[in-house]
Structure formats: C-alpha cells, structure tokens
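**Student:** If you want my numbering, it's the 1-based position in the sequence shown plus 30.
Since the hints were derived computationally from the structure, they do not count as laboratory data. Warning: the hint list may mix true and false statements.
[What the hints assert, rightly or not] The following label-pair restraints were derived from C-beta to C-beta distances:
#	residue 1	residue 2	range
1	S402	G164	18 to 28 Å
2	E139	A273	14 to 24 Å
3	R178	S39	45 to 55 Å
4	P138	K345	13 to 23 Å
5	G228	Q318	52 to 62 Å
[Claimed, not checked] In silico BS3-like links for lysine-lysine, alpha-carbon gap of 27 Å or less:
#	residue 1	residue 2
6	K215	K175
7	K296	K310
8	K350	K263
9	K78	K237
10	K298	K310
11	K213	K175
12	K309	K296
13	K345	K215
Virtual Cβ for every residue (Gly too), placed ideally from N, Cα, C.
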Amino acid sequence: MTELLSGLSEMQIMVRDTARRIANERLAPLAERLDLGEGREGMLANLKLLAENGFMGLAVTSDYGGSEAGTVAFALAIEELGYACAATAVTTSVTNMVAEVIQTVGSPEQRQRYLPQLTSGACSAGAFCLTEAGAGSDPAGLRTKARRDGNHFVLDGEKLYITSAEYAGVFVVWAVTDPNAPKGKGVSCFLVEAGTPGLVIGKAEHKTGQAGSSTNPVTFDQCRVPASAMMGKENDGFRVAVAELAGGRIGVAALALGIARAAMDKAKAYLLEREQFGKKLAEFQGLQWMVADREVDLAASRLLILDAARLKEAKLPFAKAASIAKLFSSEAAGRATDTAVQMFGGAGYLRSSPVERHARDARITRIYEGTSEIQRLIIARETLREMA
31 MTELLSGLSE MQIMVRDTAR RIANERLAPL AERLDLGEGR EGMLANLKLL AENGFMGLAV
91 TSDYGGSEAG TVAFALAIEE LGYACAATAV TTSVTNMVAE VIQTVGSPEQ RQRYLPQLTS
151 GACSAGAFCL TEAGAGSDPA GLRTKARRDG NHFVLDGEKL YITSAEYAGV FVVWAVTDPN
211 APKGKGVSCF LVEAGTPGLV IGKAEHKTGQ AGSSTNPVTF DQCRVPASAM MGKENDGFRV
271 AVAELAGGRI GVAALALGIA RAAMDKAKAY LLEREQFGKK LAEFQGLQWM VADREVDLAA
331 SRLLILDAAR LKEAKLPFAK AASIAKLFSS EAAGRATDTA VQMFGGAGYL RSSPVERHAR
391 DARITRIYEG TSEIQRLIIA RETLREMA
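Work the whole structure out from these sequences, hints included.
**Tutor:** Following this line, the structure appears as structure tokens:
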C-alpha cells in the first residue's frame, strides 16, 4: 500500500519486482564470470529471458510485442538489473533505446519488421551507432557518410564504443547525407541489419568495468542499404539523436543507482559483521555518518530519476530533468562505490572483494550518454533559457 500511495502503479511495481526476481535468480550468479570475460552464452540466454518477460520493449506498444509499461517502469527495471549485473543492464537499456527510436520515427514497415524481433528476443540486442573518434561529446561532428546511389545509400565510416555490437541484430546508424549543410543539420538516420555486406564488427574493447557487455568499433565499408532503410526525414537525424540521448540518460541514471545500492548494501552488511577494537564497525560514528550521506544520495537519485521518467512518460519536456538525474546519480554512484571500498578497507581493493567490481562498473556512468561536464552545460543552458 505504501508503494501505491507513493505514486507507483500496480504495473510499475510488478515490472520492478519481476526484474528483481530475474536479477537475483539469473543475473547475479553470472555477474562475476561476465566480469572476467566469460559466460557469453549465459549473457545471451539472460537477454532472451528478459525479452520473453517484456524487458526489451518496456515503452513499446503491444502491437509490436512490447509491454507498454512506460518510462517509469523502465527506470525501475534497469535499477534492479543494474543492482545484480551492470553489464546485462546496459545492454537492456540500449536495446530499449533502439526499440524506442524505431517506434518513434520508423515507418510502419520498419516498426513491423524490427520491433517484434527486438521485443521477442529474436534479436539478442539492438545497437545505437552514434559515437565516432571526432564525435563523442560533440555528436554533430559526425564524419560517417551516406551517399545516395539510385534507390540505395552507401555508408562509409567508423563508429566507436558501440554497446552490444557483436551480438546485435539491428543497428541504428547516424551518417552525414548533406556534407554542405551546417554542422549537425545534414545528418540522417538508418537501420542496418546485422550481416549486411560492408558492416564490419571490430574486436571487443577491454574495459575497466562492465566487462561483460561487448563494446566494439563498427566500420561501414561501402555498406549498401536500400533507401527504405532511412528512418524519419532525410537530414533530420541529428534532432532524433539528441532526443534519444536525453531518454537514454534516464537509463544510465537508473543503472548508476542500482550499482550504488548494491555496493552500499554489501558495505552495510560488512559493517554489521566486522569487529575492530572490540566492537562492530557499525558502532563507529564516523562510519555511521558515511552511511547517512550515501543514504541521502540514494534517496535523492531515485526521486530525480522518477521525476525525469514521469515527465518523459507524460510527453512533457524532460531533457533538463534527465540531465539532472544522470549527473547526480552517476556522481552519487561514484561516491557510494568509493565509500563501500573504503569501508571494506584493504579487502575492498582486492579483485575478490564484493564491492570492487561495483566501483569499476560505476565509473563509466559519468561518461557515456554524455559526460558530467556535458550534463552541466545542458542544465545551465536550459535553466538560463527558462529565465529568458
């Protein structure tokens, strides 16, 4: 009853609880193996299970196999998955982004062709191909090109740091279609299927954290796609990318919160068990204050995330709220995981520590989907715009 009174619907609570059960039963036991670069088959099986339970199309309509649960349910689910396995959670979050952009700007034929593949798990994942060597924090700096050739487009260029590329079934790709247009104005968006000639998946990167999720360079070498592969209007893709990145920030914020919760839960259990100077660590005021500060961080993160999610779900302006949630939650996750390592002492610095992986997993949340510095620019810009 308390949860219902707090504003969560029965559907949202059901999604959260189902995510928690799957995370505890299936994701958590595999998380350490994935962190060591093992268990790829287990990862694919888990992604299939999540799809079968509706987690790969949380904001997708039932017409295409989605669960229609909405953005709030999406945020709650990603938090629970991130609590158990950040690598699986990030793949789930990105696949939901891909499904949402197809539903939002795809043609009826594109939606019918690709959405059921994503929501059912026929495609293990979707890939979001935006970042390049010269287009990270500045996505308008794209150099990948798509030139028209009759009834086709030919894509050439290289994307970097593409989550799930090696097992994605469909790629959403941004490329310059009008090189003479002002920066960011001549960009279009394409759907490219895995296995298309000229689509080359590079070797997976070796990462500090979230090692269980594949992150690959993706090269387009004379990659020929039909003109019908374009999503939305020609030269209107940059606007689409910016909108989808804002939505993705809610997922990153929720993932960061899940990691932070996991680290602090382990640290609190350790304080209640470990003794020094003849008493439990939990009895030391200095450590109690650290727990209190992190508890405030976690509570604030959740409220900011739900605020952004509810705005998006209500189709109200949410970009500023998403940036606030992403900035605060990712930096709070850094504080929480660092605190957890500190509470474990020397044992927290060992690879065998239950919190060491969380510290590595949390670090990237301050970088992808827009660095903390970019979030501050967005928040300041939107705040001053509102005042003007």
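**Student:** Could you work out which earlier hints the structure fails to respect and list their numbers in ascending sequence?
**Tutor:** Hints that this structure does not satisfy do not exist here, as all of them hold.
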